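Asks: So you can see what is in the structure, the chains are spelled out below.
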Amino acid sequence: MLLIKCPWCGERDAHEFSYGGEAHITRPENPDKLSDEQWADYLFMQKNAMGPFLERWVHAHGCRRWFNVRRDTVTHEITAVYKMGDRPPERTA
Amino acid sequence: MSQQRNRLATGGRIDRTRPLSFSFNGKHFEGYAGDTLASALIANGVRLVGRSFKYHRPRGLLTAGSEEPNALVQLGTDAASEPNQRATQVELFDGLEAVSQNCWPSVGLDVGAVNNTLSRILPAGFYYKTFMWPKSFWKYYEHVIRKAAGMGRAPESPDPDCYDKMHDHCDVLVVGAGPAGLAAALAAGRAGARVLLADEQSALGGGLLGRRAEIDAAPAAEWIAKSISALQAMPEVQLLCRSTVAGYYDHNYLTIAQRLREGSDPGRRCDKPRQRLWKVRAKQVVLATGAHERPMIFRHNDLPGIMLASAAQCYINRYAAKPGDIAVIFTNNDSAYEAALDLAEAGVTVVAVVDVRTAAESPAQAAVRSRGIEVLYRHAVVAASGRRRVSAAKVMALDDSGESVSGAARTIRCDFLCMSGGWSPAVHLFSQSRGKPSYDASKACFVPGQSVQAERSAGAARGSFALAECLTEGHEAGVAAAAAAGFQRPGRPAKPPVAAKVDEAPLQPFWLVPAAPPGAPLNKHFVDVQNDVTAADIALAAREGYRSVEHLKRYTTTGMGTDQGKTSNINALAILGQTLGADISAVGTTTFRPPYTPLTFGTIVGRDIGALADPVRMTPIHSWHVANGASFEDVGQWKRPWYYPRPGESIQDAVNRECLATRQAIAILDASTLGKIDIQGPDTAEFLNRVYTNGWKKLEIGRCRYGVMCGEDGMVFDDGVTTRLGEHHYWMTTTSGNAARVLAWLEEWLQTEWPELKVYCNSMTEHWATVGIAGPFARQLLSELTDDIELDPKAFPFMTYRAGTVAGIAARVFRISFTGESSFEINVPARYDLALWNTLMTAGEQYGITPIGTESMHVLRAEKGFFIAGQDTDGTVTPLDLGMDWIVSKQKDFLGKRSLARPDMLREDRKQLVGLLPVDPQEVLPEGGQIVTDMDQKPPMNMIGHVTSSYYSVNLKRSIALALVRGGHKRHGETVYVPLENKVIAANVSEPRFYDPEGKRMHA
Amino acid sequence: MKKGLKKYSLFSLVRNALSYHQHWQEAWRSPEPKKAYDIVIIGAGGHGLATAYYLAKEHGITNVVVLEKGWLGGGNTGRNTTIIRSNYLWDESAHLYEHSLKLFEGLSQELNFNIMFSQRGVINLSHNLHDLRELSRRVNANRLNGIDSEILTTEQVKALVPIINTSPRSRYPVLGASLQRRGGVARHDAVAWGFARGADARGVDIIQNCEVTGIRRNGAKVEGVETSRGFIKANKVGVVTAGHSSVLAAMAGLRLPIQSYPLQALVSEPIKPVLHTVVMSSTVHVYVSQSDRGELVIGAGMDAFQSYAQRGSFAVIEHQTGALLELFPIFSRLRMMRQWGGIVDVSPDASPIVSKTPIKGLYLNCGWGTGGFKATPGSGWVFAYTIARDQPHRLNEPFNLERFTTGRLIDEHGAAAVAH
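Residue numbers (my numbering), protein chains in the order written: chain W, 421 to 513; chain L, 9 to 1012; chain H, 58 to 477.
The set of hints was computed from the structure by calculation and includes no laboratory data.
As the structure is a prediction and not an experimental result, all values here were calculated from the model.
Please note: incorrect hints may appear among the correct ones.
[Stated by the list, open to error] Result set (DSS-like, lysine-lysine): computed pairs, CA atoms no more than 30 Å apart in a straight line:
1) H/LYS63 - L/LYS143
2) L/LYS137 - H/LYS126
3) L/LYS905 - W/LYS503
4) H/LYS92 - H/LYS417
5) L/LYS647 - L/LYS705
6) L/LYS62 - W/LYS453
7) H/LYS92 - L/LYS62
8) L/LYS905 - W/LYS467
9) H/LYS63 - L/LYS647
10) L/LYS143 - H/LYS329
11) W/LYS425 - L/LYS444
12) L/LYS137 - L/LYS62
13) L/LYS946 - H/LYS159
[Said to hold, decoys possible] Derived list of chain H stretches under chain L, where covered just means 3 residues or more per stretch with a C-beta under 8 Å from a C-beta of chain L:
14) 79-89
15) 151-165
16) 268-279
17) 385-392
18) 459-465
Glycine included, C-beta positions come from ideal geometry on N, C-alpha and C.
Given these sequences and hints, build the entire structure.
Replies: The structure is reproduced here in structure tokens:
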């Protein structure tokens, strides 16, 4: 059970949250202008990184706010939590 | 009643004033409070406890703790019966009943033992090499093999007991209450930390309970007692015994299985749960989990009466139960000498200590020798003999290399044999925490490597076996853990408890007693006694290429028993290393998986069973439905009335009656389960415009509009009616099953993609209740209950909304229709729902008001050709496939629009929604029936679609269906076939609108 | 079977017993990797080994190496709950899995290795009206596809599985079920070992403890792979690495429509057999059978978040054990012996990708998600065909990578059939 620090509510068990997958996939401005390949890339293609991964969570059973997390997909260590729209914080060694 | 003939007259931590009677294999015995089943059996001279898994060899007790591989019993009877209980962990209680497992007709005379005779042709993995001919015969072979499967038996009826859960947070969780754990808890507690100390045994003290030792210049028992009272005096310290830390998960989340009582309490009394699962989030963890002694691997080392030296010592010291009268001890280290002294002290004749090492001057060895016990240095027990119990040890001299034996064999008579092959730290939880154990060659064991989570190991758990070290390390770990959690003891640091340092001669790794004579098979040198894996099996696996430790484990099944190899894994690895000529550190370990010891399923579930397994959601008028005989359907977590049968009515009778009433009188429907989302904010119209496929910018206040939502893949996701209540205020409805999902979907887009939109969503599903009335007399009925809503169709047209008072209740009334009749959906605050319903039922009586369930609603909407998301769509259907081009805007973008332009979406042979009219109007197609055009094909047949909804429509006096059919929009008029198991139903493809296609009735 | 390989038989067991089993030969060699091969297969799981086996057997291509980062069969092959069935909804899936099931039916004899394929029947339970409709849809489709499948009433379920709770008051009442009698379970390790032995005997090199660290390409063409044991040249490279597919694809510069999740599983202590059929409920995510050792083998759901951690987690099994006990109340006093996780590669439509890629000579076999074991021989068979001929077999043609662009998905999700 992960311990996730909601930017608004603090540390809570993971079961209070829902997962939103890879972060920073931005919806294209003008989908009609995209080729099928470009649209498929937006729709389906994933980094699916092994190691540090930027992802989205929502505090579904709490404040219902979305936010971003940097989590290692192997160790599950969470090294950053930041708000929607923000850039990921610089990594510290 | 038998005498406790092996019970010592004095000593032990048993209460001789509290005798307890119990039965084992039908025979009655007596023990004392404080006994385990194992110690009571030893006290009564019972040696043969069970049979092994594969060869059904007779087995006794190997250990005194939770690592026991052999002594598994079936405990209790009937519904309260439990298989595979380790006798070493079962606390004795009055009336306990236990029987041996895996034997028939009895543990003494076991027919399955024939496998032992055949063992020569049943080596590791034999089943992979045979039972393949003839081809179809595996099921017969398997039938026989399955008869031999398993160990204990499952109970035959549901569990009469109940279980419980507890969530806890602590600063320091100390696992294990031996010397290191107690010292750690004391140190952390004194620093002010909130400490949870958990230990699997029935009493705190760990390994000290089985030893004679001194701490702070007093007997260890006194120190334990003092420590416990000191800990109990600390308000933030919690002590849990009978509590096994079972799992160590991410972010310092651990589970603890606490046994609250033995036996069963047949009343399923939930104030007295049997076990409790603790789910603990610990800031810091101290692992003081101790170590497991390893057996020596020699021929027939599995005979009853052969046990670990520490176990014999524990039975004597803790339970005052003597495993026998004449002992031989076989060791490669000094710890067994302490056992030898304790045995001798208790009156056991220790005839010899057989030590694979050369003589060394250690105090323990000297003490043994000075007691006149013969020590045979550079010797090994090469074999044990005896039937059903050990009667002698065959001892030979080791040559210099230690790899063979020579000289004359000496047979030493004994009635039990104690062995110690060194100690393996219990690194299980450390390994579960993702730590990698590393091999310490000097101690011949794996010790915890670098910590990954906020934990530290102390004492024997990290390879520091001496008592003095355990105490100091435990103390230091407690201080450090508290400090890391933010607690420092003010003033001078506390002193750790002290034990005398004892010099020990070093252990000599000794993994496998050489064959005697050299070259003889090692097929009775047991490594994993539960699964009957021998040294020969390990060599065979290596020879055949199964050289990875995981291959070894899986091929031979070593370490895969209920003990998960606690006493056998390291020996197996070492023997594999020897066979391969590789260092054990290069061989590595298998991964330790949770739980540490088996965890009862009931405990995992706790109280979340039966009605509490999953929430049940009920509308405010559920009680009325129950009282009026409704039959219910599960829709997600909701209970919805399915139909309301009257006495003697079949479901079809009831549905026919309900459907007729709707079209001829009035139907009343509990629609409260529909999702309701209150949406406010100046950008709401823009937002709806993006999430729905149609346009929303021009919807006037007071008007309703139907909308379809797609995922970004263009597939229909949900539908419903949204109403503009005010300038910036909208009311969205969703399908019952998707209410939560739609809200989450809206919020996700608002927060993550369109934060600039000022739009705010709130779920109102349970705040507002909805009652629908539909039918020719609906308006008339409503007019009798409201005087502030003008009901004339011109004043209150279809697809509009009015606020007002209905039956004296402030209400929102929507003129929308799912049945195709003139209808009103009346929304009131949920607490008034039942009052509204009752008023409508009373006032509607004269019009023949009839409650209808979901089944009738489905029939009625199918008559109209309205689809149900999730029934007529399945995540592969676009709005265009549904023939709803009219609702898909060409002007604006919306979620999923781009996907509708992908090549596959433009194919003419996509599956499209059509109506089906069976050629025989009395024949109802089965939902899920597959559709073909050509009956003259053999499987695989070319299926062009399937029936999604199908009913008998009493209003149309015929059967109707909806279907998704390939290129269906162009097939209207075609005849298709639905082949079933015993017949074929022909049907004509039609428009999916069967009743009042112009919609006059709902507009009326 | 190739010359030189000693056959397994009861006779050989007895003969070897006389010499205390000192003379069994290696099931597979541990050769040094050569500098170049015709084909490199990355991943010695069941699918990769089967691919190599069928390359040799069906296509006569034996200059093949299978590279494995750890030990062969150590990924999802050795971590799944071993359920085999072919009763899939969509034609494309049904044909592929049925091909696989047919290969399983003769596999022990073909490989001369008893994989203990036990066709004890697979039951899929329905707990509500929606389930029943989907069940009927699937059973009808199966029947017309020539796949054995039948509908059971609640009473028939109870007759086959007497220990199941069929009370209408159950939180998850059993309203009906489907049964595929030819479905069942097999010994998962044995499938990997059998294919490894068979491939090795035909000349395929299996290199364990050899991690691929890079895929070398020349423009749009593959040249070989960098490994922890040096560069290996090959014009054709097949990637069969399940949960790690994205990592390998990234080495070739590709992004995939794949997300990796841990799938949770557990076993109970062994008990005397009480459950002779495989019972699945995709509604409540319970998948249970009893092995020939007596353990209840229980599949649970996936963790809620993407991960490459092959660890057991507690939240998933905590919830699903509740459903398990509701269905099987007599399991309450039994005990979980071991839990673990495997990393499954989930595609957007819950269907596999067995396909050529935009890079010439690079082939991809992934996306099997939670249900890959049952496809092992079929997957290897079609993938071998695809690599050998540089074109897909008709069975895997629909499972191409382009479908995510065209939209022609094979949506087993939508059909609510969780692919265990």
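Asks: Failing hints, ascending?
Replies: The structure conflicts with hints 5, 6, 7, 9, 16, although it agrees with all the remaining ones.
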